[in-house]
Amino acid sequence: MKWFKAKHTELSDDDLLLRAKEEDTPEYATALFTRYIEYVYGACLKYYKNEDDAKDKVMEVYHRYLKKVKTHDVKNPKSWLYVLTKNFCLEKLRKENRDKDKLDNVILMQSDEVFHPFNEEEVDKEESLQKMEKCIETLEMEQKRCIQLFYLKKQSYKEITEQLSLSWSNVRSLIQNGRRNLKHCMEKNA
Amino acid sequence: MHSLELHKKTLLRKFIDRTISDDERHELEQLALDDPFLFEALEGYAMEGSGDAGIRINDAVEGLSKQERKVKTRGFGFTQIASIAAGLLFVAVMGFVIKQSVEKREANVVQLVDNSGAAEEEFSQEFEIEDDELDSNPEIASNVTEEEPTIIQDKVLPVSKVKISKEQVLEQIEIKESSSRINDNVTIDGVKIQEGKEEISASDADVQDIPRAKSPVKIEHQLYQNYKKADRNEEREEADNVKEKEELKKSEKSYRTVSKRKLANAESNVLPTPPESKDVITRKIAGQILDSDGMALIGANVQVPGTKVGTITNIDGDFELLVPADATQIETSYTGFSTQMVMLGDPDVYKIQMEEGALLDEIVVSSAVAGKSGIVAEPEMGFAQFEDYLRENVVVDDCTESRTLSFEITPTGELRNIQVLDGKNDKCANEAIRLLKSSGNWRSIPPKRTVTTQYIFHFRR
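Read top to bottom, the protein sequences are chains A and B.
1 is the number of the first residue of the first sequence in the numbering used here; add one for each residue after it.
191 is the number of the first residue of the second sequence in the numbering used here; add one for each residue after it.
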């Protein structure tokens, strides 16, 4: 598969956004959008469950993005684009009154906490692993299973969702919560 | 571009291409935990049949760059502004040209009108000559009057010209020519004739109304007579006019009485509704129709006999019906079940169990065979109901053959001249005749004709 060549890769998101706002041409805005087009397409695919629809929606999202990129005060371009894409799809879906059930199941809020329990530079590996095993045992059943499957068996989300018959967002929050609990547990015992 | 983002992008592309290793996939999914956008994208790509996502994304990027170019050209507006300006200029020039040509044409029209003025003069002279001829030959005049009223009408006009000014005549001719309504012209004539003589009793508006109540031919004739009298003897004119006025008054009166009558009729059309609305007072009944085992009958008919009030049961066998307050019974019917009458009492909810009918004697009917042009008639209830009717009402149970009846349908829908075609005039044929006769009227297709048709009654166990 030969992928398109991204433009202006030397610039950061913020620089691109700045130029997009300054310039009359949409060159930089398009470059920024294209940078995350795999995300946009994937998200549209998630909401629309249809490749043709997803592709159309990418173009529509692009149009809305172009309109808003100049006027909106954007702090984090990627997060902003994510919210824009998601809101667009949800709005359209609601309008089309389609897949109500699927919409209801979408968890709209998710924590964006960033931390890495496996940042092991400060911790002795051996020690931490033992601690970890103890801590994992303290987790709730579902969290434990997800953490085990994801981190220890390195299974994919798809495999986990199929194995535990849970939704993607469920698996994600279980892993996230399990990870947070693990972190608390390990900090306590430190 | 941030190195982490670049890394994610590389992994994501590999993921889309399905060239990702397990470790890389795990890394990507770990990254996705803290990147909801990436997480949702992964969820999207995990969908079945998202195989050529890469191609589609490349397509989309191509589309974007096309859009970008479009927007770009919109930015550099020089050529566009020039073309818009050219367009405006063109419109302005065209508008000017059109305006010019319209003005020219208007000038032409004025010229034409001038010419027509002259022509009109000659025209009226011609009429005067013709009028003389008509006068000297009353037979022709009356013939023409009756056969070609429009011509006579034209000829009335010169008379007015004699009495009134030439300009007015021309005006009248113009009005006449422009108007498509004969009556209106006559009205104008009538007014003109009366003008300049004694007082006019009826107002203009009334006079205008009167002739509409008459047939145009008559009025033309009358006017023609008026003209003859006026032309011959001006002294008798006044008497004529009095006469005419009387006539006008009469007709006015009759017109008024007619309109009064019409009003009365209109009122009487409105009036009878209250008694009807009494019938509309209804009660709502509901119920359920079940078979003998207590199973709901779906689509069973519920009807108030002798009316069009009816409904069918729903999927649970339930029905609801607004019946006239004076209805005493309802009839329930269902294919394969014997029709049942249910007396209506005080309660509004009924549970009706239907008995399965004797399916032994089934009458299946082919069709009304008639003429060369297919079906020429049908029962008023329609074939489907007619067949149901036959099935439900057949009484003999030992007929196994078919009987063909031929009969005539009158324009009013009655059946005449019923004959048994097979020649077997037995009790099965009699049963067929009885069924046919009791099934009500038929109608021809197209309606209101006398047609002869045939119907085959298949008696079958």
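Careful: at least some of the hints might be erroneous.
DSSO-like cross-link-like pairs, simulated, lysine-lysine; straight-line CA separation at most 30 Å [stated by the list, open to error]: (1) Lys144(A) to Lys95(A); (2) Lys541(B) to Lys2(A); (3) Lys5(A) to Lys49(A); (4) Lys49(A) to Lys95(A); (5) Lys68(A) to Lys78(A); (6) Lys204(B) to Lys5(A); (7) Lys204(B) to Lys78(A); (8) Lys67(A) to Lys78(A); (9) Lys256(B) to Lys68(A); (10) Lys55(A) to Lys256(B); (11) Lys158(A) to Lys204(B); (12) Lys204(B) to Lys2(A); (13) Lys5(A) to Lys21(A); (14) Lys256(B) to Lys5(A); (15) Lys256(B) to Lys49(A); (16) Lys95(A) to Lys204(B); (17) Lys55(A) to Lys183(A); (18) Lys67(A) to Lys95(A); (19) Lys7(A) to Lys256(B); (20) Lys75(A) to Lys183(A); (21) Lys75(A) to Lys204(B); (22) Lys256(B) to Lys92(A); (23) Lys70(A) to Lys256(B); (24) Lys5(A) to Lys68(A); (25) Lys78(A) to Lys256(B); (26) Lys183(A) to Lys153(A); (27) Lys289(B) to Lys7(A); (28) Lys541(B) to Lys67(A); (29) Lys144(A) to Lys131(A); (30) Lys256(B) to Lys75(A); (31) Lys204(B) to Lys153(A); (32) Lys256(B) to Lys154(A); (33) Lys204(B) to Lys55(A); (34) Lys49(A) to Lys541(B); (35) Lys131(A) to Lys154(A); (36) Lys256(B) to Lys21(A).
Calculated from the structure, these hints are not laboratory results.
Structure-based check of all given hints:
For the given pair, Lys144(A) sits about 39 Å from Lys95(A) by alpha-carbon distance, which is inconsistent with the 30 Å threshold. The suggested pairing of Lys541(B) with Lys2(A) is violated, with an alpha-carbon distance near 73 Å, which exceeds 30 Å. Our distance criterion of 30 Å between C-alpha atoms is met by Lys5(A) and Lys49(A), whose separation comes to about 27 Å. Proximity of Lys49(A) to Lys95(A) is assessed by CA-CA distance (about 16 Å); at most 30 Å being required, the pair is judged to hold.
Under the criterion of a C-alpha separation no larger than 30 Å, the hint pairing Lys68(A) with Lys78(A) is consistent with the structure, at around 14 Å. As the CA atoms of Lys204(B) and Lys5(A) are separated by approximately 15 Å, the hinted pair is consistent with the 30 Å bound. Between Lys204(B) and Lys78(A) the alpha-carbon distance is near 20 Å, which keeps this suggested pair within the 30 Å criterion. This hinted pair checks out: Lys67(A) and Lys78(A) have alpha carbons roughly 16 Å apart, not beyond 30 Å.
The straight-line distance between the Cα atoms of Lys256(B) and Lys68(A) is roughly 19 Å, inside the 30 Å bound, and the hint therefore holds. At most 30 Å may separate the alpha-carbon atoms for a hinted pair to count; Lys55(A) and Lys256(B) meet this at roughly 15 Å. The hinted pair formed by Lys158(A) and Lys204(B) meets the criterion: a straight-line CA distance of about 17 Å does not exceed 30 Å. The suggested pairing of Lys204(B) with Lys2(A) holds, with an alpha-carbon distance near 11 Å, which does not exceed 30 Å.
Straight-line distance between C-alpha atoms of Lys5(A) and Lys21(A) comes to about 23 Å, which keeps the hinted pair within the 30 Å bound. With a CA separation close to 15 Å, the supplied pair Lys256(B) and Lys5(A) stays within the 30 Å bound. At roughly 26 Å between alpha-carbon atoms, Lys256(B) and Lys49(A) fall within 30 Å of each other, so this suggested pair holds. Between the alpha carbons of Lys95(A) and Lys204(B) the distance comes to roughly 34 Å, so the proposed pair goes past 30 Å and is violated.
Restraint check: the Cα-Cα separation between Lys55(A) and Lys183(A) comes to about 40 Å, which exceeds 30 Å; the hinted pair is violated. Restraint check for Lys67(A) and Lys95(A): the C-alpha separation of about 21 Å stays at or below 30 Å, so the hint holds. For the hint linking Lys7(A) to Lys256(B), the alpha-carbon distance of about 15 Å falls within 30 Å, and the restraint holds. Distance check on the hinted pair: Lys75(A) and Lys183(A) sit about 29 Å apart at the alpha-carbon level, within 30 Å; holds.
A hinted pair counts as satisfied when its Cα atoms are at most 30 Å apart, and Lys75(A) with Lys204(B) qualifies at roughly 29 Å. Distance hint between Lys256(B) and Lys92(A) is fulfilled; the C-alpha atoms sit about 24 Å from each other, no more than 30 Å. With a C-alpha separation of about 20 Å, the suggested pairing of Lys70(A) with Lys256(B) holds against the 30 Å cut-off. The straight-line distance between the Cα atoms of Lys5(A) and Lys68(A) is roughly 25 Å, inside the 30 Å bound, and the hint therefore holds.
Distance hint between Lys78(A) and Lys256(B) is fulfilled; the C-alpha atoms sit about 23 Å from each other, no more than 30 Å. Proposed proximity of Lys183(A) and Lys153(A) is supported: the alpha carbons are some 19 Å apart, at most 30 Å. Under the criterion of a C-alpha separation no larger than 30 Å, the hint pairing Lys289(B) with Lys7(A) is inconsistent with the structure, at around 57 Å. For the suggested pair Lys541(B) and Lys67(A), the alpha carbons sit about 65 Å apart, so the restraint of at most 30 Å is broken.
Proposed proximity of Lys144(A) and Lys131(A) is supported: the alpha carbons are some 15 Å apart, at most 30 Å. Using a Cα cut-off of 30 Å, the hinted pair Lys256(B) and Lys75(A) holds, with the two alpha carbons roughly 28 Å apart. For the given pair, Lys204(B) sits about 21 Å from Lys153(A) by alpha-carbon distance, which is consistent with the 30 Å threshold. For the hint pairing Lys256(B) with Lys154(A), the CA-to-CA distance comes to about 42 Å; that exceeds 30 Å, so the pair is violated.
For the hint linking Lys204(B) to Lys55(A), the alpha-carbon distance of about 19 Å falls within 30 Å, and the restraint holds. A distance of roughly 50 Å separates the Cα atoms of Lys49(A) and Lys541(B); the hinted pair therefore is violated under the 30 Å criterion. Our distance criterion of 30 Å between C-alpha atoms is met by Lys131(A) and Lys154(A), whose separation comes to about 20 Å. Simply put, Lys256(B) and Lys21(A) have alpha-carbon atoms about 20 Å apart, close enough for the 30 Å limit, and the pair holds.
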